[in-house]
Amino acid sequence: MRYVTRRLGFFIVTLWACLTINFVLPRLMPGNPAEAMMARYKGRINGSALKALEIAFGVNSSQSSVHQYFTYLGDMLTGHFGTSLTFFPDPVSQVVFAALPWTLGLVGLTTVLAFAAGTIVGIVAGWRRGSALDSVMPPIFVIISAFPYFFLALMALLLFSVTLGWFPQGFGYSNTDTAGWSWHFIGDVLSHAFLPAMVILITSIGGWVLTMRNNMISTLSEDYVRMARAKGLSPLRIMFAYAGRNAVLPNLTGFAMSLGFVVSGAILVEYVFSYPGVGYMLLQAVENEDFALMQTLFLFITVCVLTAVLLMDFATILLDPRTRTQA
Amino acid sequence: MATTTLPSGQVSGIRSYWARFRGGAVWGLLRAIVSNRKATAGVVILAIFCFLAAFPGLIAHDNPQAEIYNPGLAPSAAHWLGTNAYGQDLFAQLIYSTRQSLFLAVAAGALATLLSVIVGVTSAYMGGFTDDFLSLITDIFLVIPAFPLIVVIAAYSKNGGDTILIAVLVVTGWSYGARQLRVQALSLRNRDFLVAAKLRGERRWRVIVSEILPTMTSLIVAIFLGTTLYAIVAAAGLQFIGLGNPNTLSWGTMLYWAQNNEALQSGSPLWAIMPGICIALLGAAFALLNYAFDEVSNPALRPVRRRRR
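Same order as they appear, the protein sequences are chains A and B.
So in the numbering used here, the last one in the first sequence is 327, and the numbering has no gaps at all.
So in the numbering used here, the last one in the second sequence is 309, and the numbering has no gaps at all.
Read the hints as simulated data drawn from the structure, not as lab findings.
There may be inaccurate statements among the hints.
[Said to hold, decoys possible] Derived list of chain B stretches under chain A, where covered just means 3 residues or more per stretch with a C-beta under 8 Å from a C-beta of chain A:
id	segment
1	135-147
2	233-246
3	266-276
[Stated by the list, open to error] Simulated restraints, written as ranges between beta carbons of each label pair:
id	chain 1	residue 1	chain 2	residue 2	range
4	A	13	B	76	54 to 62 Å
5	A	71	B	75	53 to 61 Å
6	B	65	A	6	51 to 59 Å
7	A	130	B	47	24 to 32 Å
8	A	13	B	186	20 to 28 Å
9	B	65	A	13	46 to 54 Å
10	B	110	A	9	31 to 39 Å
11	A	120	B	213	37 to 45 Å
12	A	314	B	65	54 to 62 Å
13	B	110	A	128	37 to 45 Å
Backbone N, C-alpha and C define an ideal beta-carbon position, used for all residues, glycine too.
Can you make the complete structure from the sequences, with help from the hints?
Here it is as structure tokens:
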């Protein structure tokens with residue numbers, strides 16, 4: 001139980017740190033960037049929205065920064081994220097929730113797929129060490145994992161969309177379509193998502209394969225694996241239920257670190273494909289100096305990653321008895 | 001190797017001379033690089049890029065920033081990669097960009113490694129509250145997705161130049177190494193040679209610098225390689241979306257201008273392809289070195305030769 005509370009505590013502390021970063025950063029920078037933004041938008045947006053932004057970024061405010069900080073924390077926790085300047089009169093929360101499903105669908109699905117596939121390939125590669133699979137794959141993955149995601153995305157766009165014309169050149173669905181649950185629309189969405197999904201899958205799978213293979217190799221020299229062999233268990237059972245099950249544990253913890261990396265890459269992939277998700281919107285917000293939207297997107301991305309990490313922690317509890325017995 | 005022509009006694013004589021001269025470390029490193037194919041490939045790529053960064057003028061004879069040619073020329077003998085939409089020679093741009101890309105990556109990698117050594121070793125050596133506190137901060141930075149954070153910081157300090165860029169990369173890149181170093185330093189803490197150093201009455205910082213750090217050299221090198229790889233990719237991504245200084249010459253900014261002019265769609269794809277390939281090659285050099293380093297320090301991971309044949 002202590003493990004669970006510790007992980008939950010970490011979740012909350014990290015969330016708080018993230019909120020504080022959002023609060024402190026614009027105030028820390030020389031020549032208050034928020035003030036410059038405010039000056040630019042003056043007259044273009046109405047008074048009350050501007051007032052709210054001024055409070056959020058501490059411009060022209062007579063309140064003490066401590067007071068500002070707690071007002072800010074309260075606003076964030078109750079879902080008052082302010083007004084988006086890019087999509088003006090819409091509140092930030094509405095804009096973010098419109099983009100969230102696209103990213104969760106694209107990045108969430110590909111990450112889970114990459115983790116599952118990478119783990120299985122890694123188990124097999126480690127098990128049949130020195131086989132064709134094992135000697136060809138690691139070097140290829142080492143090189144692919146050095147590729148910047150966005151470069152691979154650019155190349156995929158060039159080859160399959162511009163040159164061959166197999167896939168659409170970006171965005172989430174065709175302009176001519178009406179959104180809805182028709183087969184035609186779903187097919188359209190899938191054909192738009194295919195290229196970005198493949199890019200994320202190909203670049204992220206390598207890391208899982210390599211770490212899983214290395215974990216597998218060290219697990220295979222354990223005594224319990226030799227014991228299982230001596231008992232005459234079937235190789236498949238030893239491979240997955242004995243060695244693989246234990247080799248995956250460090251990877252579950254490593255998932256936390258890699259997830260941030262995948263999300264980072266996915267932002268640029270979305271940008272290249274103009275995919276209407278959270279990452280593309282983040283860069284749009286940066287371009288328009290829409291700081292309220294930018295902060296909220298950063299917060300949401302972090303919360304998504306933190307939630308995934310927490311889920312992995314719980315998976316670790318299920319798979320690793322050692323975390324349960326720690327009193 | 002050329003040593004086969006020498007009588008074996010002489011060879012070992014030369015070797016022991018070298019071993020005495022450099023404590024065997026340099027020789028061991030060279031031998032490791034030559035005998036590991038991945039390491040050889042990495043070192044060769046890296047050496048070529050270092051040469052280009054140092055003497056770009058020897059390879060490319062055009063002024064990379066001069067907009068003096070016809071825009072959008074196809075590759076030819078005069079312009080090996082053609083020209084871009086501004087009438088600049090792409091080959092010269094590519095070669096001259098090496099310096100900044102390499103410098104940013106190595107500087108950010110080195111500083112981030114330094115920070116992770118300081119935090120990781122301090123954390124492990126001090127223990128108690130300091131350890132808990134530093135570990136918590138490390139874990140937080142480990143989990144917060146780095147690239148969105150980089151984007152947010154860079155957006156507030158728009159066009160802050162290379163110093164800001166390096167600072168941002170260091171802030172987001174140190175945590176992984178710090179955690180690994182802490183774990184290794186913890187395992188060393190109660191070893192006899194450290195107890196002996198303490199009993200001798202050595203000062204704390206001296207114990208850390210001359211007793212602990214030398215035993216962790218291999219891990220520190222591995223962390224440096226990994227962090228630099230991270231810095232290469234992250235810096236390129238940041239410059240690609242226009243958050244670097246777009247007026248400097250580097251591969252990331254080349255990609256930014258290519259994307260702004262829709263180079264892929266308008267028939268000059270080399271503008272985007274070549275800098276991307278260079279980034280990937282530089283990244284691959286560090287990735288290969290890192291992987292080879294893993295194999296050297298952990299023999300269990302080395303590729304096995306098949307028994308048949």
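TODO: Hints the structure violates: just list their numbers, smallest first.
DONE: none
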